[in-house]
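K.L.:
Based on the sequences and whatever the hints tell you, model everything.
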Amino acid sequence: MSLVSREEEIISIVSQNKKIEVNELSERLNVSKVTIRKDLDKLEARGLLHRQHGYALLNNMDDINYRLAQNYDLKRKIALEASKIIKDGEVVMIESGSTCALLAEELAFNRNDITIITNSCFIASYIRKAESVKVILIGGEYQKESQVNVGPLVKKVISEFFVDKLFVGIDGFDKKRGFTGSDITRCDTSRTLATAANQTIVLTDSSKFKQKGVVSEFGFDEVSKVFTDSCVGENELAFLRKKNIEIVTV
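Heads up, the sequence shown is in full-length UniProt numbering, so the first residue is 1 and it goes up one at a time.
Note that these hints are calculated values from the structure, not bench results.
Keep in mind the model is a prediction, meaning the values are calculated, not measured.
The reader is advised that the hints may include incorrect statements.
Each computed EDC-like pair below joins lysine to aspartate or glutamate, with the alpha-carbon atoms no more than 20 Å apart [stated by the list, open to error]:
| hint | residue 1 | residue 2 |
| --- | --- | --- |
| 1 | 243 | 222 |
| 2 | 87 | 131 |
| 3 | 18 | 145 |
| 4 | 129 | 88 |
| 5 | 175 | 221 |
| 6 | 42 | 9 |
| 7 | 129 | 41 |
P.N.:
The structure is reproduced here in C-alpha cells:
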C-alpha cells in the first residue's frame, strides 16, 4: 500500500470509529506501529485528526478539521478534478469549505505562481508552507469553528478585486431555494465574494444533495459549474442540467 493511500485509509478508519487504538490500526493495515505513528504525526500536523495516549481520534464535530476528515478521499478527488480548470499563473478566489481547502492545497503545492484570494484563515494556514503560492487573506469578523472571516468588513475590501473563478462549498441543496448553507453570516459573505467573480463554482460531495440547509446561499442561476461525485442521483443531475449548470462528477 502506498503512503498516500495508507494515509487516506487511516482517515477513513478513524472517521468510521471516531476513536481507535494505534495498535489496532497497525494490525488492520499490516504495518509496524512505528510506521503508523509516523503517518499519524503527519495527519495530526495537517489537522486531520488527534493523537491521545495510544489512540487516534477525530476532531470536534464543529471544527473544520472534522469536516475535512469526513469523506476525505472523495473530497480530494473532487478537488483534483476542479484543479484541472485552473492554469499556472491564475488568480482565483476560494471560500472556506473543506473540499475548497483541498483544492487550495493542490494549487499551492502542485501548480506554479497561483494567487489565492480567500476569507479562510484555515486555508491560509493549511497551505502556508507552499513556496510558489501567493495568498491574499480578506479580513473581517473571525468565526472560530470554521476559521473564516465574515461580515461587513469583507464587503468593504472585496470591491478591490475581480477574478474569473470563485470556488465555494455548500451545506445543502433545495430545488426551490437553490444551494444552501447553515450559517447566515457565512452565506452572506459567500454572496459578497461572488460579486467579485465572473463565475461561481460549487465543490461538494454528494452527501450535501441529501441535506436541505437552513439558509439560501446561491440561486441556480448564480452558479456555472458543480464538481461532485458520481453518487448524486440522476434526478438531481437532470434538474441542475436543466438550469444550465455544468456538472463534473468523479
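K.L.:
State for each hint whether it applies.
P.N.:
Structure-based check of all given hints:
1. The straight-line distance between the Cα atoms of residue 243 and residue 222 is roughly 10 Å, inside the 20 Å bound, and the hint therefore holds.
2. Of the pairs offered as hints, the one joining residue 87 and residue 131 holds, with about 17 Å between alpha carbons and a cut-off of 20 Å not exceeded.
3. Our distance criterion of 20 Å between C-alpha atoms is met by residue 18 and residue 145, whose separation comes to about 19 Å.
4. Taking the CA atoms of residue 129 and residue 88, the gap is near 18 Å; set against the 20 Å cutoff, the hint holds.
5. Note on residue 175 and residue 221: the hinted pairing holds, with a Cα-Cα distance of about 12 Å set against a maximum of 20 Å.
6. For the hint pairing residue 42 with residue 9, the CA-to-CA distance comes to about 14 Å; that is within 20 Å, so the pair holds.
7. Distance restraint check for residue 129 and residue 41: the Cα-Cα separation of roughly 17 Å lies within the 20 Å cut-off, and the hinted pair is therefore satisfied.
Violated hints: none; the structure is consistent with every hint.
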